[in-house]
Each structure stands twice: as C-alpha cells, then as structure tokens.
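K.L.:
One letter stands for each residue in the lines below.
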Amino acid sequence: MAGPLEEEVIRKRLLVEGDGGSDDRRIMSLVKTFIRWCGATQLSQEEREATYQKMLFTLAQCEFSFKKTEAVMEMNKREMDRYEQLYRDIETSIRDTQQRIASYRDELKRSKVIQRHRQEYDALAKVIQQHPERQQTERRMGRSEARLARLMETRALLEGQLGQRRRQFHLLFHSLHQLQACLSSPGPEGDVAMDTS
Amino acid sequence: MDTAALEKYFNIVFDQEYSPSGKHLATCDVYGQITVFSIAAALSVSSVIDPKTKNKALSFTGHRGPAYSLQTVDSLLVSGGSEDIRVWNWDQLTCSEDVEEPVTILQPPVVRKGNPDSNGLAYDKQNTTLYSACGDGCVHAWDLTTGKLKASYSGHTSYVHCVCCKNSESSQFISGGEDGCVCIWDPSTANHPVHTLRPMKGKGEWIGCVAVDESGEWMVCGGSSAPCMYHLGSFSKTTTFPVPQGMVTQGAIFAGENVVTVGSNQSIHHWTVNGSLVAAVPSDQTHAFSVAVNNRSPQYKVLTVTGDSANVSVSVNFGYKAFSLTVPGPSQRHSNN
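So the sequence lines, in the order shown, correspond to chains A and B. Per this note's numbering: the first sequence = residues -16 to 180. Per this note's numbering: the second sequence = residues 63 to 399.
So here's chain B without its partners, still in its complex pose:
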C-alpha cells in the first residue's frame, strides 16, 4: 500500500499552541512532527486570492515517537512526547526554513511503572515552573532556567492526562488523570494533593481535560462522562453540561463568557456557565483532541480545533468553521524537500 497516500488520511493532531505574538500556530501530531502555520497569512487577503498560501507551513520531526502536548513559555515552545520533553525557540520556528536541534531536552525520570510520556503541559509564570502530566502517574515540575526537575507530585493511581495552572495569582495547579480524580496541588506539598475531586461516579471513568478561567474561581473538567463545572472556592460541582450519552470530552476551555468543549461527537459545543447550550458547531474531526482560542492577538482571534484528522479547523466567527489548515504527512514533507 502506498503509505504516502494513506498518510493523507491518517493523522492525529494531539495539541496546538499559539506563538507569543499570536501570529503563528504550532501543532503536534502522532508522527512526532511539529508544524507551524502562519495565522496572519491564512487570514490575510492574499490567502483568498491564492489558497495555497494558507497551508504554507514549516513542518519538522520534533520527536521520535508521537508528540502529545505543546505549551508556549515566553519565547519558547515546549513539546512533550512519548520519551522526553523538548524545548524549541519560537524565533527559530517562525523565521528559519528548517529546524534541526531543540534548544534543550528535558528527560523525565526513569520510572517503575507506566510510560514517561508527557500527556499535558502547563506553565506557571510566577514561579517559572513548567508542569508536565506524565504517564507514570506523577506531575513533574521543571525549572526551565536550569532544565532540571524540581519536584514530582504523586497522588494519582494511574496516568495523568492533563494539567493546568490555577491562575496568575495562585501558585496552585490542577491535574486530571485516568483514575477519574481531579487533584488540586500546592507546590509545597509533593506527597498528597490539597484536595481531590471525583466528578464522575462509577468505575473506569477518566478525566481528559481540565481548564480554569481567568479569575481562578471556576474549573471545567471533562472526560469519559459529561463535562462539569466546579466552583473552586467551595469545591462544589455547580453544573453538568448535558452532552449526548456516551460522548467523551477531550478538550475544554473558557472562551470569553462561554465554555467550549470538544470531544467524540464531531462537534464543538459552546455552553453558558450555567449549563445551557449556546451552539453546537460541526467540526472536521470525528474525535477532537484539543480546542484553543488565540487570546494573544486581538487581530487574529480565531478558534482552532484539532483531532483525529490531518485538518485543523479554524473559525473566525465562533459560530461556524471558516477554513481548515492541513498538516502535511511525513512522507509528503520528504518528497517536497
């Protein structure tokens, strides 16, 4: 079979992240590639005239295995893969033609059980700490100035899927894992979380995504059951978003005054904070893995969704999809060079 032709149809884009200026979008996929698109070029008038300029992207192999998560840290891009975490420079990604070497490689510690894959990344600006949700059940904290592991927070009984920082004032962070627990940690206590929440009852439930809003008071978490919203001050579950039965939620964010969730039923749901559906927008991907809004640049404020397709859907008006950016497959890239 022709792998190049098949690769056009098979790609899973796990995560996405915007550049510090908001003009570029980086995605990471199951082939370990990191692809950088220019949102500014895709939204400009010239892309309407010549559609090929939309898909112009810098694509390189960042990791040997799949790359699961991305995080922008000041002027750096951190990508978490199945073996290690690599740090790249955004200037290198946006200006040069090809990228060979990462700035640094962070190696998670050797583990007894589980894989060292970094499923989720989050950055705490105040403490300049990068948190990685690891497949060995721990959340690792890295000091990016030295590249060393600062601490490991173990409390989950299975792998950790996602991590996010509470907000700019508090140094606490929240992680969600395969064991169905959402743990709230304080950086000073590494052995047990400050608080554990169990949003879903039943066995085999898992948490796929957590997100906290700008005020740090509200948290939305999703996974194998319906996503729900917690008020962090009182640790009480305030709303459950009524998604269709059996739908799995892999990505959730706070976008303006609404909450946006994506998952396995091929649509992007917009909800109000008290649980009513604002819009269900159909998306390209059958199973979406991440959703993001470009808050770094008011001029290029788009909503992008990635998932089990080589296409990244981009919406300018959040009510409908505007266009798609295509991530090139690895053999396609090599044939173009």
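One chain only, chain A, in its complex shape:
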C-alpha cells in the first residue's frame, strides 16, 4: 500500500532535483552572496567588485544550466516525433505486405490449378501420341473403301457370270431331256422336228 505512494514521492523528488540538485545549491548560494554583498559596507572596492563578478559568474552558470536543460527537452521532443513517424511508416508497410501476401496466395492457388491442368493435358497427350495421326488413318480408310468398292464390283461381275452359266446349263439340260424323250418314244410320230432353238 505504501509502495505506490513511495514511488510517487521518489519520482517527484527526482524530477524536482533534476541534475542532482547543484542548481538549487547554486541559486541559494547566489542569493546569499547577493544579500551579503548588499549588506557588506566594510569591504574594499576590489573585494566588492570581485564579489560582484563572482555573482555574475554564478548567474551565468545558472543560465547555462537551464539553457542546457531546455536544449535536452527539445531534443527529446524531436526524437519522439521521429519515432512516431517511423512507427506509422512501419504500420503502413506491414499492411501493404499483408495485402501482397494475400494476393500472392491467390495467385499460388490459381497457378496450382493451372499446373494440374497442364499435367492432365500432358498425360492425355502421351496417350494420344500413341495413336496414329488422323490424316494417316483417313488415308487408310480411303484405301480400304476403294478396295471394298473394287471387290463389290468384282463380285457383281462374277455373280452376273454365274447367273449366265446357270441359265446356259439349264438350257442344256432342257435340250437333253427333250432329246431323251424323243429317243425313248418309238414310231414315226417320234420323228417330230426337234426343237433346236
């Protein structure tokens, strides 16, 4: 419970004392010397001059000290401003990088799909390569069709010839039967003019 209070007290004392308290002491001694100097009537002219110079010197020292502190404060303020600027810059660059990461991730997904498609294409292409070309197959088909047509023609021809032979044999047998009938039937009626058409 006493802890935080103590801390506050210590902090306040440090702030007040600043550079270790020498400023305070200097001001106190200056004030004392001034009062002594005002009230000193029995000192000689040189001693009074000397004390006056000493007081001016002490005054200058005090001025110097507080100017130094002012400069340090200014420096600290500028440092802080710089750091804030740096912080903002880093934040923007983080956001940019995150956006870029997201876009790259999308691109990666698309590229993976494209790669997969290319591989599938490659696999199918290998299979297709194994089959002969379309033109070659078409030529072979044309040749086979021509052969087929020729063979059909030959067959028609042969069938025609076969039909004719069949008819000729039919005629021959008909004539033979007629001759047989002629020869087997006796008598003058048998001498009928043979049908020799």
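Any given hint could turn out to be false.
Stated by the list, open to error - Below, a list of computed lysine-lysine pairs in the DSSO-like style, where the Cα atoms sit at most 27 Å apart:
1. A:Lys92 / B:Lys114
2. A:Lys109 / B:Lys228
3. A:Lys95 / B:Lys383
4. A:Lys50 / A:Lys60
5. A:Lys95 / B:Lys363
6. B:Lys299 / A:Lys109
7. B:Lys263 / A:Lys109
8. B:Lys383 / B:Lys70
9. A:Lys95 / B:Lys299
10. B:Lys228 / A:Lys92
11. B:Lys85 / B:Lys228
12. A:Lys92 / B:Lys70
13. B:Lys114 / B:Lys299
14. B:Lys263 / B:Lys85
15. A:Lys60 / A:Lys37
Stated by the list, open to error - The following label-pair restraints were derived from C-beta to C-beta distances:
16. B:Pro304 / A:Arg123: 49 to 57 Å
17. A:Asp79 / B:Cys157: 52 to 60 Å
18. B:Gln361 / A:Ile97: 34 to 42 Å
19. B:Pro113 / A:Tyr66: 51 to 59 Å
20. B:Asp136 / A:Leu131: 14 to 22 Å
21. A:Gln82 / B:Gln188: 46 to 54 Å
22. A:Asp79 / B:Ala341: 47 to 55 Å
23. A:Gln82 / B:Lys210: 31 to 39 Å
24. A:Asp89 / B:Phe72: 33 to 41 Å
25. B:Ser296 / A:Met124: 15 to 23 Å
26. B:Gln361 / A:Val55: 26 to 34 Å
27. A:Ile97 / B:Val165: 54 to 62 Å
28. A:Ser76 / B:Gly318: 28 to 36 Å
29. A:Asp79 / B:Gln188: 40 to 48 Å
These are calculated hints, taken from the structure and not from any lab test. All values reported here derive from a predicted model rather than from experimental measurement. Ideal placement from N, C-alpha and C gives every residue a C-beta, glycine not left out.
Following the hints, complete the assembly by docking chain B onto the known chain A.
P.N.:
Same frame as chain A, now just chain B:
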C-alpha cells in the same frame, strides 16, 4: 504371454474417417474397435504442453470381428465389419463417454460363397445410397433412410476390395476387386458393369484401392502392381506411377493437385498427375492400409495414414510426419475403465 503387452505392438488399423465438422478422426481396427480422436485437441497449443491430451480418445468395441471400413454419411458414421454393417451417430461418438448400441445394423444377405465382410464403403449423396464392397463378390447398395438393401451388383468373380463414387454429378460408382478388374457401374444395371478395366496384366493381380478426383474425370487405382491413372472419359490408362518393384498399394487418394499412394514399402508417395514423384515420406507403418486428407475443415487439414501398427501418423505439412496418435488395445481399454 502377456496379451496386453503384445497388443501394444500388434494392431492393424484398416480404415479411417473424419467427422462432418472435421474436428475428429475415427479409426477401425482388427479387434473390431472404433476409436475416435480429436484432431482439434491434438493440434491445439495445449497438446504441446501436455502430450497426453493428444492421445485422448473414445474407444469402444464396434464389431465382434475385425472392422474393415468406415464412411461418414452426413451426421452418421458407418462401419463395415466381418459380419455386418453398423451405423453410429457422430454426436454420440464425440460427446458421450461410452457407446453401447449402434443406431442401426445392416445385414448383408446370406451368401453361397465368400464371406459377408464389407471391405469398402462409399456414399452417394445425391441418391442417398451407401455402397459396400462385399466379400461375396457383389457391391451392395443400401438405402440408409430405411436400412434396407436396394440392389446388389454382381460382376466380380472374386471378393470386392474397394468401392468409390464417381463424383457429385454422376451417379455411377467404381469397384475394384481381387480378380484384378475395375468395374464401372451404373445404378440402373445390376447385372453387368457399364465398363470393365483391367489395369494389370498377368494372373493373380488384384486391385486394392480406387479413387476418383473431384472432377470425376480421373481415376487412380492400385493393388498388387504399380498404381495407375485412368482418364475416365476415354477409359485410357494415362500414367503408371513408378513404385518400387513388388510394392503393393493399398490406399490412394487425390490430395489437392497431387496423388498420394501408400502401401507396403513404409513410405507415403506423393505424385504429380503425369507420373513424376514429388515426395516419398517415410511413415510409421510397415504396411499402410489407408490414407486420408481432412478436407472437411480447412483449419485442421491434416494427412493421416493408418496401417499395420497401433499408430496413426498425422502430418500437417504433407512433407513430413508431425506426430502419431496411438490406438489403444482392447485389454488396455478395459484396464483403464
């Protein structure tokens, strides 16, 4: 032998799933336990001060046998086990101290061959259908509002390991199985898939995981041979990821622009879509079974890997592992209660 001590070293965490808010992670393991961790707590500042808060988890026995897969459906968590599929409520899992009863139990139909275990789960939001990849060679479609089996899609000749939905616009789904086929199904035709892909040549090859990217055009599938990428529009295989010889891939996802695969060589591989390796990050697990990225919450976006260890590795930057969460063994849990 002291089983409790052994259990610390032996656990296989098959699958993991994030809560709808993205703040919690649920894992299911070979003991049938479901453990819920809080990612938000693990990533918070208090977990740096007190590391024990990281591992604070709610753990309960969800299934009698092992639990193979998890899927978050709106506010529910669906877990697929070796006998049935159980549905839990996320609020129950995150708020209460212990969980006794599931909200519903879905029973796969009795089968002639194979086991009714649900190896993989996927949810189609548009049709509110849950698809389960079943050990009997079929993909079952469940209607979660009624709890009934809607349809069974049979086309695989052996058990189905994994299923995933194409994307939010299409109602098609894709399944991968032990027979090495990746089948693309349309919900309307139950007898045969719309398209069958055979990414691996040779006998005995199997598919362990399928994943489709967000656009629905690209699919990555992995299994006994190197994982590969398909362009679904043309059903053409575009790339094969060059993993080390003999490595088995059990988990694959699309994470952003890369593909992440995990498997049997103790590392997490990051690939570009055209096949070049971006990173190979060492992981805790010798054989990893699943990898997931928390896309539900941009704040807690982590990559987690689970596998044949009681630890779940969590990475915040996908380039390296940040920390591990430990799944408690069953006897450890009972001794703590």
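K.L.:
Taking the hints in turn, state whether each one holds.
P.N.:
The hints, checked one at a time:
{"no.": "1", "hint": "A:Lys92 / B:Lys114", "verdict": "violated, 36 Å"}
{"no.": "2", "hint": "A:Lys109 / B:Lys228", "verdict": "holds, 24 Å"}
{"no.": "3", "hint": "A:Lys95 / B:Lys383", "verdict": "holds, 23 Å"}
{"no.": "4", "hint": "A:Lys50 / A:Lys60", "verdict": "holds, 15 Å"}
{"no.": "5", "hint": "A:Lys95 / B:Lys363", "verdict": "holds, 18 Å"}
{"no.": "6", "hint": "B:Lys299 / A:Lys109", "verdict": "holds, 10 Å"}
{"no.": "7", "hint": "B:Lys263 / A:Lys109", "verdict": "holds, 20 Å"}
{"no.": "8", "hint": "B:Lys383 / B:Lys70", "verdict": "holds, 21 Å"}
{"no.": "9", "hint": "A:Lys95 / B:Lys299", "verdict": "holds, 23 Å"}
{"no.": "10", "hint": "B:Lys228 / A:Lys92", "verdict": "holds, 25 Å"}
{"no.": "11", "hint": "B:Lys85 / B:Lys228", "verdict": "holds, 26 Å"}
{"no.": "12", "hint": "A:Lys92 / B:Lys70", "verdict": "violated, 42 Å"}
{"no.": "13", "hint": "B:Lys114 / B:Lys299", "verdict": "violated, 47 Å"}
{"no.": "14", "hint": "B:Lys263 / B:Lys85", "verdict": "violated, 42 Å"}
{"no.": "15", "hint": "A:Lys60 / A:Lys37", "verdict": "violated, 35 Å"}
{"no.": "16", "hint": "B:Pro304 / A:Arg123: 49 to 57 Å", "verdict": "violated, 35 Å"}
{"no.": "17", "hint": "A:Asp79 / B:Cys157: 52 to 60 Å", "verdict": "violated, 46 Å"}
{"no.": "18", "hint": "B:Gln361 / A:Ile97: 34 to 42 Å", "verdict": "violated, 26 Å"}
{"no.": "19", "hint": "B:Pro113 / A:Tyr66: 51 to 59 Å", "verdict": "violated, 44 Å"}
{"no.": "20", "hint": "B:Asp136 / A:Leu131: 14 to 22 Å", "verdict": "violated, 59 Å"}
{"no.": "21", "hint": "A:Gln82 / B:Gln188: 46 to 54 Å", "verdict": "violated, 40 Å"}
{"no.": "22", "hint": "A:Asp79 / B:Ala341: 47 to 55 Å", "verdict": "violated, 34 Å"}
{"no.": "23", "hint": "A:Gln82 / B:Lys210: 31 to 39 Å", "verdict": "violated, 56 Å"}
{"no.": "24", "hint": "A:Asp89 / B:Phe72: 33 to 41 Å", "verdict": "violated, 48 Å"}
{"no.": "25", "hint": "B:Ser296 / A:Met124: 15 to 23 Å", "verdict": "holds, 20 Å"}
{"no.": "26", "hint": "B:Gln361 / A:Val55: 26 to 34 Å", "verdict": "violated, 53 Å"}
{"no.": "27", "hint": "A:Ile97 / B:Val165: 54 to 62 Å", "verdict": "violated, 45 Å"}
{"no.": "28", "hint": "A:Ser76 / B:Gly318: 28 to 36 Å", "verdict": "holds, 32 Å"}
{"no.": "29", "hint": "A:Asp79 / B:Gln188: 40 to 48 Å", "verdict": "holds, 46 Å"}
Hint compliance for this structure: hints 1, 12, 13, 14, 15, 16, 17, 18, 19, 20, 21, 22, 23, 24, 26, 27 are not met, and every other hint is.
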